[in-house]
Structure formats: C-alpha cells, structure tokens
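> Here are the chains, one letter per residue:
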Amino acid sequence: MENKKITLAYGGGGEETNKLIKELFYENFKNDILIKAEDAAVINLNGKTAFTTDSFTIDPIFFNGGDIGKLSIAGTCNDLAMMGAKPEYLSISFMIEEGLDFEDLEKIVKSISKELKKADARIVCGDTKVVPAGSVDKIFINTSGVGSIKKENISAHNIKPGDKIIVSRDIGRHGSVVLAKRFGVDTDIESDCKVLCEEVNALIEAGIDIKAMRDATRGGLSAVLNEWAEASNVAIEIEEEKIPISDEVKGLCEIFGFEPMDLANEGTFILAVENKGAKKAEEILKKFNNNASIIGEAIEGKKVILKTSYGSKRYIDLPKGELLPRIC
Amino acid sequence: MENGELTLKDLYSKFRDPETIKALTKEIEKEALKLKEPMKVMEICGGHTHTIMKYGINQILPDNIEFIHGPGCPVCVMPKERIDHAIILAKQPDVILATLGDMIRVPGSKSSLAKARAEEANVVPLHSTLDVLKIAKENPDKKVVFFAIGFETTTPMTAALMKRAFNEGVKNIYYHINHVLVPPPMRAIMDGGEAKINAFIGPSHVSVIIGAKAYEFLVKDYNTPVVVAGFEPVDVMESILMLLKQKNQNRCKVEIQYKRATTYEGNVVAQKLIEEFMEVRDTFRWRGLGDIPKSALKLKDKFLEFDAEKVWADILPNEPIDDHKLCICGEILKGLAKPNDCKVFGSACTPSNPLGSCMVSDEGACNAYYRYSR
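Protein chains in written order, with the working numbering: chain C, 1 to 328; chain L, 1001 to 1374.
Check the hints yourself; a few may be wrong.
As the list claims (entries may be wrong) - Under the rule of at most 20 Å between Cα atoms (straight-line distance), these lysine to any residue pairs were calculated in the SDA-like manner: (1) L:1026 with C:311; (2) L:1009 with C:240; (3) L:1014 with C:19; (4) L:1054 with C:259; (5) C:307 with L:1020; (6) C:313 with L:1063; (7) L:1054 with C:305; (8) C:19 with C:36; (9) C:302 with L:1373; (10) C:313 with L:1022; (11) L:1009 with C:247.
Claimed, not checked - Residues on chain C that point at chain L, a partial pick, calculated with CB under 10 Å: (12) 55; (13) 183; (14) 185; (15) 241; (16) 243; (17) 244; (18) 250; (19) 251; (20) 256; (21) 306; (22) 308; (23) 311; (24) 316; (25) 317.
It should be emphasised that the hints constitute simulated quantities derived from the structure, not laboratory data. C-beta: ideal position from N, C-alpha, C; glycine also.
Sequences are here, hints too, so could you generate the full structure?
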C-alpha cells in the first residue's frame, strides 16, 4: 500500500475500499467463509448457542499490554466464554477517522489476527466505514460473536450460600493503565487484556461445577460481586487479604485515590463454584496465573461485605459516576 | 524497603498492617478501661472520617471511645451559592473553568459542573493545580478561571500557580478563591459547646502546612488535647492511644503522631507563599455552620484584576441558599448528629443523588457511612 494515511476514499466502496479489504483484512483474517465475500456469512450452528456484541473505544488505542484490536477480540470472546461457550464465528466493524495512520491500522489488524488464533475463532463477516476527522476518535471497533455452549446453566442467578468466589488473577490492571495515561503518569503496569478461552476450557474439562462466571470489565470486581449478590439474592463476604492486587496497581490507586476493586479488567474473571470444587478450580487457574485466589463465599443476606483480618467489616458498593481524582 | 531504597509501598503498607492494628487494639482496650469519662474525639478532617469508616476502626474500639465527625471536608462546607458561581462562570462563552476533580459532581442550587459540562460548558477536571498553566498557554484567547477549593493543604498550590503564572507572564488565568481555614471552625464548634468534644485528632496534611502549633488554642482556651494524626489506620489507632494516655495521665497537650510529615512550625515556605498572594477574609459563610469570621482566604487587593469574584461580580449572586429542609448536614458538620440519624440518609439522599453536601464528596461523613456501613 502506498498511502500512509487512511483517507475517506478507503470507505467509498470503490477501488481503495477493495484494496483495503483484500490486502489487509482478507490477508489477515483469511478463512473459507470470509473470502466468499457474500452479502452475509453462512454458518452452521448446532445446539445451544451464545450470542453477544460489544463496541470498543479506548484512548490510547495502543497501551501497555494490548491495543484496541486485541481488546475487541478478547472482549467478545470472553463474554462468550463466560457463558460456557466456545467462541466460533465473529463479525467485525471498523469505524475509522480519516487521517489514521495506515501503519496503525495494520498493527491493529495483525493484533486481531493473533488473538483470533488464541481464541480459535474466525471472523466471517465485517464492515468498514471511514468518517470525516472529528466524527470518531481514531478508530472504533464493534465485534459480535456466536459460540456453542459447552457448559450449560452458568448464570448470575445461580449462586447459593456456601458457594465459593474465586478471582482468576490480580485485579485492576487495565483500568490502571488507562487512568495512568489519562492523568499523565508513566507506569510499567501492563493491561491484563487477554482471551480467556483456555482458562475456561480447562475448568470445564476438569468438570468444575461453575455456578456463575463473569469477566470483571468496567466497574471491576465490585460491580461483578454486587450484580451477583442482587441477582442471586445472597450476600457475598470476601476477605481483604485474599484479594490479589499488584504493588504497582496499589501504588497508582494510592496516588489518585481510586479503589483497585472498582477498576476495569480485560482478562480477569470471577467465578462462583460449589464449595467442594473450589480448591480444584483455584489450582487449575493458578496454572495460568499464580495470583488466582479464593477470595470469599456467598452467605445468607444481602450486599457485598469485605472482612479485614483485624475484625472489622465494610460494605463494597457499586462504583458510581466518573472516576475523578480526589481533592487532597 | 528494597535494596535500601524507599518505595511507594513503604509509604502505606506498614501503616495498614493487620498485626499492628490488632496489637494497638489491645493497648487501646487496656488504656480505655482506666478512662474516668467516655472520650468523645472529633476527627476534624474528612480524610480521617474516611479512614475510620473504611477500615472499620469505630467497630474495633471500646464503647467508651466515640468518634465525632468534624467539618473538614472542603467540598462539604462549600455553600451552594459559591458552587453556583463555578457553574455560572463555566457557562460564559469565553471561559474555561478548571477545578480539582471532586468539585465536578457537587450540586449547586440547580445544577452541577458535570451537568453544565454536558450542556457544553467548558469544564476541565484537574489532577494537578499547575496544569492550569498549560491550559492557559494552549488557549490564549480564553479566560481560564481556576476555581480554587480546599483547606490549607491545597492553598499553597494555588499560590504556587499564581507565582508561576506571573513569572511567566501568563495573564489569562483568573482565580475564584474558596480556600478555607481549619482552626476557626474548630473554635466555633467548641464555643457552641453542644457536641461535648473532649479530644481532637488533628488533620494530617493541613498540619503539614500550618504546623501543630496552630492547635495550641484548643489546649489553652478549651483544655482539650490534640494529636495530629496520619491518614492510615495505624496512624489513627496510635493517635487514639496517645490521646488516651494524655487523659489517663492528666496531661493536656498538642502532640504529633504524624511525625513523618508534620512539624510544630509547619511548612514555613508554603506559609510565606500563601501570604504573598492571599489574606484572610472578614467572614465566610460555611455550609451548615453559617458565617464564621476570619475563616477563609481571598486574593490580596493588588491582584484585583485576576480575582474572578471581582471581575465577574455583576453575574455572581451572593444570596445564601439553604440546604434541603430534610438535610441535617449542618448538625453533622457541627458534630451534633451522625449520618444515620438523618431521615433521608440512604433513601432520598444517596451519592448518586445527594440532597446535602456531606453525601457528595468521598470525604463527607454521609458518603463514608453510605459506602461502608449503612
């Protein structure tokens, strides 16, 4: 490709569009269904199928540990995985601001391709729009996906008193990376952005009786636990010292006055399992990330309660409003 | 510490150590048994209220020690009419209003800066005060109004901004000064006498600036001990222990627990910097506490042309606007009530829809109760 920047011509439907689709998208996402280039992809679905969609916008589009492309695949595949489904077919739509560096788009596309392989999923249809400068911020991506259910009846409504709560790794990384950038702080923290299919598959293969599973994206651990407590009509009691948080994330939260539990993750999930399988589930997850930890359990009651080891308790609420640094 | 180098973690991890907290709890229990009368200790600063509620310190202390939450939350004590000023200024077409993060969601009489921003007012939340300089340089055709808020902790930053702006010849920054002082409301509360406070936990960061000496009047005029405490749970626990020992040994002094940052004299350089640009106002209206003489700062008259209150005097109203009839923030700020004594607490008044100021800021007592223990 000669052009250095994406211009409106790339979205015009003519020669440049074709070039972009063939030389960039087909080349990287290549599979039998996609290259047929029909008006719609024709796919075979058998049995119970999960279906989800998500749109991705992030500033910066490239961050420590990932980029908007990786995010767009991890996000949708993880939503499917969290329902016990294996991601199979994905659609992808790009909304590109004119003037985006072609090189950046290429990097994003390659990153998408890499993540697809990890998820063992295929992009079977897509769309590209290029809009005038200022209409979107650099690039927005939407992905939708379908996947066949491997483990049924995973639901936020299933949790019973006595069930254990497990977190798959240390929390708050993705949110920290984004906030550090927004407030101009240099940091080595890497986002946790990652496709979680392997972890989920290992749990299902081992026969773990997963009651509920959710990736702790926006709103973080606090949001997931509060949603579960409400949906399942239980209280969830967690132990402060069991929650894995890296020193870097803690430090950044100290500087800005944020709670690690409220920060977004993009490759971290929370699991509710029956007591008897909890240890085994924790062991399996530790093979993927040594910080996986049983952090607490569901009990009779309402709300999410944090216990300290010195005998006090406090509520963990849903995070509210926009994240703003405190005054002093 | 790793390899002898101080890391960020060293600044907080030991001060939250569960084993230390447990040990201090035992010591406090022993001392508290010897108390002749219950200790009613006011933590002046909202940062301490937050620590006490977040770590549940009130749950692990003996029953004869009671925390009374003080007025030290800069957002909470700001009267509605002054928040309206910020909103009115932000809506001026040639103005960019810059203010520290938390202020954005504080409701004025009709709106908030967050709502005004959604209606295309130009509002910038700051992390650092000095960012104002950058905004002003990047927007030479705009008037950048810095809505300055906070106790003595944030005041030196405003003064430092002014110094830098003048040195660099940046002339498009205007200052709306809402800096308030800690000692005057403490005196007002003690003069009121209703809260029956017999000990104080002094603020951490305010004291770094003004020094522990600023609280001597509490010992001299009101025979009430003060311990200046750090913001971490171990700091608060140790300070409680120090206050108990004073009581049991019949001593009454200003002591410093937060020695790693506070001195008796305070930060003299910062004090001088403030004096260069600001002076005490005759009176300032505090939300909930009413008019308190000499309790806030304003720009010195020689900086009149940069004083947003003067420049936009014609459009900034000054009539007092009362809080919602059912709100008892005033009583809470005076130490006469606890958040859960309020009829609308947690029902009509929540952090997403606050009726009163104590529910708005993280450091407000109602917000801390709602988040951690309602």
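> Give a verdict on every hint.
Status of each hint after checking the structure:
As the CA atoms of residue 1026 (chain L) and residue 311 (chain C) are separated by approximately 12 Å, the hinted pair is consistent with the 20 Å bound. Note on residue 1009 (chain L) and residue 240 (chain C): the hinted pairing holds, with a Cα-Cα distance of about 17 Å set against a maximum of 20 Å. A distance of roughly 60 Å separates the Cα atoms of residue 1014 (chain L) and residue 19 (chain C); the hinted pair therefore is violated under the 20 Å criterion. For a cut-off of 20 Å, the pair hint linking residue 1054 (chain L) to residue 259 (chain C) stands: about 11 Å separates their Cα positions.
Taking the CA atoms of residue 307 (chain C) and residue 1020 (chain L), the gap is about 17 Å. The hint holds against a cut of 20 Å. Restraint check for residue 313 (chain C) and residue 1063 (chain L): satisfied, since their Cα atoms lie roughly 17 Å apart, inside the 20 Å limit. Restraint check: the Cα-Cα separation between residue 1054 (chain L) and residue 305 (chain C) comes to about 12 Å, which is no more than 20 Å; the hinted pair holds. With a C-alpha separation of about 16 Å, the suggested pairing of residue 19 (chain C) with residue 36 (chain C) holds against the 20 Å cut-off.
With a C-alpha separation of about 13 Å, the suggested pairing of residue 302 (chain C) with residue 1373 (chain L) holds against the 20 Å cut-off. Under the criterion of a C-alpha separation no larger than 20 Å, the hint pairing residue 313 (chain C) with residue 1022 (chain L) is consistent with the structure, at around 14 Å. For a cut-off of 20 Å, the pair hint linking residue 1009 (chain L) to residue 247 (chain C) stands: about 7 Å separates their Cα positions. Because the beta carbon of residue 55 (chain C) sits about 21 Å from the nearest beta carbon in chain L, more than 10 Å, this interface hint is broken.
Using the Cβ-Cβ criterion of 10 Å, the hint placing residue 183 (chain C) at the interface with chain L is satisfied: the shortest such distance is roughly 5 Å. Against a cut-off of 10 Å between C-beta atoms, the interface hint on residue 185 (chain C) holds, since the closest Cβ of chain L lies about 9 Å away. Because the beta carbon of residue 241 (chain C) sits about 7 Å from the nearest beta carbon in chain L, less than 10 Å, this interface hint is met. Evaluation of the residue 243 (chain C) hint against chain L yields a violated restraint, the C-beta minimum of about 13 Å exceeding 10 Å.
Hint status for residue 244 (chain C) relative to chain L: violated, with the closest Cβ pair at about 15 Å, above 10 Å. Annotation: residue 250 (chain C) was flagged as interfacial toward chain L, and the flag holds, the nearest CB pair being 7 Å apart, inside 10 Å. Among the interface hints, the one on residue 251 (chain C) holds; its C-beta lies about 4 Å from the nearest C-beta in chain L, closer than the 10 Å criterion. For residue 256 (chain C), the suggested interface contact is upheld, since its CB lies about 7 Å from the closest CB of chain L, less than 10 Å.
The closest approach between the C-beta of residue 306 (chain C) and any C-beta of chain L is roughly 9 Å, which is under the 10 Å cut-off, so the hint is satisfied. A least Cβ separation of about 6 Å between residue 308 (chain C) and chain L falls short of the 10 Å threshold, and the interface hint therefore holds. The beta carbon of residue 311 (chain C) comes within 5 Å of a beta carbon in chain L, closer than 10 Å, and the hint placing it at the interface holds. Interface restraint check: residue 316 (chain C) against chain L, minimum CB-CB distance 9 Å, threshold 10 Å, status holds.
Because the smallest distance between the Cβ of residue 317 (chain C) and any Cβ of chain L comes to about 5 Å, under 10 Å, the interface hint for this residue holds.
When the structure is compared with the earlier hints, violations turn up for hints 3, 12, 16 and 17 and for no others.
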